[in-house]
Amino acid sequence: MTEVYRKQGSVVRWENGTLVRVTESGMAIEDGDLFRCFPEEGGRPARLAGETPALLDTALQKIERLIIMHGVAHHECDGREWRDETRRFHMSLVNGRIRALIDREEDVERIAEALARAEQNEREAPARLRLAPNVTAALLPSLVGLAPPNVELLQTAGGVDGKGNPIVEAHDHWPNWYRPSYRTRPVRMPLNLQLRCGVTAIERDRPVAVALLAPPDGLTLRVLVDEGRRAYPATVRVTRIDAVGEERTWYPYGGGSFGAEMML
Amino acid sequence: MIRFAIATRDELWLRGRLSETRLSHGEAIHDASGITASDVADDALVDASGRDIARMRELVPDDARVRLVAIASTEESAATMTIGIRGMFVVTSPEHARDDEEMLRAIVAVEPPVESMVDAIDYRGIPIVWHNGSASVLLHEAAGHPLEHAHEPIAWPSWLDVDVPLRMRRETFRDIPLLRMTRLTARQHGAPFELPAHRIDVLLVNGGFYEPLTETVTLRIAAADYQGRRLPPFEIRESRRAVAQALTGAAGDPIRYPGVVCSREGQELIVGSFAPLMITEFS
Chain A
1 MTEVYRKQGS VVRWENGTLV RVTESGMAIE DGDLFRCFPE EGGRPARLAG
51 ETPALLDTAL QKIERLIIMH GVAHHECDGR EWRDETRRFH MSLVNGRIRA
101 LIDREEDVER IAEALARAEQ NEREAPARLR LAPNVTAALL PSLVGLAPPN
151 VELLQTAGGV DGKGNPIVEA HDHWPNWYRP SYRTRPVRMP LNLQLRCGVT
201 AIERDRPVAV ALLAPPDGLT LRVLVDEGRR AYPATVRVTR IDAVGEERTW
251 YPYGGGSFGA EMML
Chain H
1001 MIRFAIATRD ELWLRGRLSE TRLSHGEAIH DASGITASDV ADDALVDASG
1051 RDIARMRELV PDDARVRLVA IASTEESAAT MTIGIRGMFV VTSPEHARDD
1101 EEMLRAIVAV EPPVESMVDA IDYRGIPIVW HNGSASVLLH EAAGHPLEHA
1151 HEPIAWPSWL DVDVPLRMRR ETFRDIPLLR MTRLTARQHG APFELPAHRI
1201 DVLLVNGGFY EPLTETVTLR IAAADYQGRR LPPFEIRESR RAVAQALTGA
1251 AGDPIRYPGV VCSREGQELI VGSFAPLMIT EFS
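Taken in sequence, the protein lines are chains A and H. Okay, so the first sequence: first residue is 1 according to the working numbering, each after it adds one. Okay, so the second sequence: first residue is 1001 according to the working numbering, each after it adds one.
Incorrect hints may appear among the rest.
[To be verified] If you only want the chain A side, here are some residues facing chain H, beta carbon under 7 Å, derived:
id : residue
1  : T18
2  : L19
3  : V20
4  : T23
5  : E24
6  : F38
[Unchecked claim] Computed spacing ranges between beta-carbons, pair by pair:
id : chain 1 : residue 1 : chain 2 : residue 2 : range
7  : A       : Q120      : H       : R1124     : 22 to 32 Å
8  : A       : P148      : H       : A1150     : 39 to 49 Å
9  : A       : E119      : H       : A1150     : 23 to 33 Å
10 : A       : P252      : H       : D1122     : 32 to 42 Å
11 : A       : R185      : H       : E1058     : 24 to 34 Å
12 : H       : T1182     : A       : E113      : 40 to 50 Å
13 : A       : G218      : H       : P1165     : 32 to 42 Å
14 : H       : R1105     : A       : R123      : 47 to 57 Å
15 : H       : R1237     : A       : N121      : 15 to 25 Å
16 : H       : R1015     : A       : Q120      : 43 to 53 Å
17 : A       : P148      : H       : R1237     : 29 to 39 Å
18 : H       : R1055     : A       : R185      : 24 to 34 Å
19 : A       : R97       : H       : E1058     : 47 to 57 Å
20 : A       : R97       : H       : W1159     : 27 to 37 Å
[Unchecked claim] Here are some chain A residues the structure puts well away from chain H; computed CB gaps all over 12 Å:
id : residue
21 : V72
22 : E76
23 : R123
24 : A147
25 : N150
26 : L153
27 : L154
28 : G158
29 : V168
30 : D172
31 : T200
32 : E203
33 : P216
34 : R240
35 : G254
Just so you know, the hints here were simulated from the structure itself, not pulled from any lab data. In this text, all values refer to a predicted model and were calculated from it rather than measured experimentally. Just so it is clear, CB atoms sit at the ideal spot from N, CA and C, and this is done for glycine as well.
Just need the whole structure built from these sequences, with the hints factored in.
Structure, rendered in structure tokens:
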């Protein structure tokens, strides 16, 4: 069976001081085992959505990388047509030898404030710890197939997948397709993951891991721990989950991930 | 105003069968307002990339995983073949594909131990001999990337000369050009050299990384021998100063290493890499 996919889109990206506007359109054809793709004429304009955020540069920390992107795309696949709009934010902030990764503009202030107070030396992670939603969101893709029995990891229903099919709620045998570009062969994987737990009460007095200091390595996280009076880097191995909060925020990790406060 | 145009074709061949084929083309106009890019075609570049990909197809072995990439741009052109057999790979060119494939086959012919059955080697205190030009990967991370980041110079052995031309480069018309290495050539002039009896022989490197915040070099060794047996893959992690201090000897002319695809800020570029037979010993 031959499947044809078309995408037309524009992206405006602010990357470390340079404004980049890209317009392109292309076609992908899957014919049995063979995947082909190539550009096709036609593109649609987009405009930059946001302004450059207030830059939080201090004597102690600096912005190593800042990328702000806004894109619109029109898709066609097997007679289905849809349109989407994408906004992305990525910043890495540095204090000495510590790099904090930020993928949501609203998180910048909280993380920058903790990073400015951060000690350089790694400490042992507290036994009882909260993870901020941005940290749990990055963890969820690594929990697929490994989630402890007291939590439920699932794909959240809503929107359409890379073939224009509705994204349905699912717990395994992922029925939807991920296709970040027309140049990428679509793959089945969970989209818009979330984690549910019978216990949702979060103890506010626990230290909190406010930011990732490196991408997750499986279930091992290198994080910035904020204890209030002090902040420091620590490595956390997730072996049990005590509670997951109910308020969720979407992050662009894996095929999408809803982060919620988590207690370890 | 600067105009950059590019055409790229890539193909994935699995055991002699075409599995994926891509064409990409476009141009980027860089002026005071930034970069405006679109996927318009430059026919001459599209044709040039087509000729290179056709040339490489003739060389695809029928029992391997092979990715062909042909790039023709207003700034550079490249034809590269990544040949993978049993999880190891070389990155080569049509001119060297046969020789490099033969080298890879010789390396993978030796069965590595099952990793879970063998403790990872502690390489510290054991001389490491870098074969097949593989020391160029070590120097790519320890000497090349610090130059890109304008890190302060450090002391290298007086017998070592590392030539690393830098230039603004980009992978696609969608990317912002960055100051990147184009090539790394290490040469020795009168270096001491005595092949240690007790040593690790590095044959193939699977990749490397330079962390600019800590100036740490990480190298993943894919194939190495120790006392007549193949080692499981292992990692070398050292500061760039420790790398410079660990260089104890070298011999011969620079040898082309087949395999440096350099990734920075998500942009993958080929960097030609050459180094003589070299020895390091980390303490």
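Status of the hints after comparison with the structure:
{"no.": "1", "hint": "T18", "result": "holds, 5 Å"}
{"no.": "2", "hint": "L19", "result": "holds, 3 Å"}
{"no.": "3", "hint": "V20", "result": "holds, 4 Å"}
{"no.": "4", "hint": "T23", "result": "holds, 5 Å"}
{"no.": "5", "hint": "E24", "result": "holds, 4 Å"}
{"no.": "6", "hint": "F38", "result": "holds, 4 Å"}
{"no.": "7", "hint": "Q120/A / R1124/H: 22 to 32 Å", "result": "holds, 25 Å"}
{"no.": "8", "hint": "P148/A / A1150/H: 39 to 49 Å", "result": "holds, 46 Å"}
{"no.": "9", "hint": "E119/A / A1150/H: 23 to 33 Å", "result": "holds, 27 Å"}
{"no.": "10", "hint": "P252/A / D1122/H: 32 to 42 Å", "result": "holds, 39 Å"}
{"no.": "11", "hint": "R185/A / E1058/H: 24 to 34 Å", "result": "holds, 25 Å"}
{"no.": "12", "hint": "T1182/H / E113/A: 40 to 50 Å", "result": "holds, 42 Å"}
{"no.": "13", "hint": "G218/A / P1165/H: 32 to 42 Å", "result": "holds, 39 Å"}
{"no.": "14", "hint": "R1105/H / R123/A: 47 to 57 Å", "result": "holds, 49 Å"}
{"no.": "15", "hint": "R1237/H / N121/A: 15 to 25 Å", "result": "holds, 18 Å"}
{"no.": "16", "hint": "R1015/H / Q120/A: 43 to 53 Å", "result": "holds, 50 Å"}
{"no.": "17", "hint": "P148/A / R1237/H: 29 to 39 Å", "result": "holds, 31 Å"}
{"no.": "18", "hint": "R1055/H / R185/A: 24 to 34 Å", "result": "holds, 25 Å"}
{"no.": "19", "hint": "R97/A / E1058/H: 47 to 57 Å", "result": "holds, 49 Å"}
{"no.": "20", "hint": "R97/A / W1159/H: 27 to 37 Å", "result": "holds, 32 Å"}
{"no.": "21", "hint": "V72", "result": "holds, 15 Å"}
{"no.": "22", "hint": "E76", "result": "holds, 17 Å"}
{"no.": "23", "hint": "R123", "result": "holds, 17 Å"}
{"no.": "24", "hint": "A147", "result": "holds, 25 Å"}
{"no.": "25", "hint": "N150", "result": "holds, 30 Å"}
{"no.": "26", "hint": "L153", "result": "holds, 27 Å"}
{"no.": "27", "hint": "L154", "result": "holds, 30 Å"}
{"no.": "28", "hint": "G158", "result": "holds, 28 Å"}
{"no.": "29", "hint": "V168", "result": "holds, 28 Å"}
{"no.": "30", "hint": "D172", "result": "holds, 27 Å"}
{"no.": "31", "hint": "T200", "result": "holds, 37 Å"}
{"no.": "32", "hint": "E203", "result": "holds, 33 Å"}
{"no.": "33", "hint": "P216", "result": "holds, 17 Å"}
{"no.": "34", "hint": "R240", "result": "holds, 25 Å"}
{"no.": "35", "hint": "G254", "result": "holds, 16 Å"}
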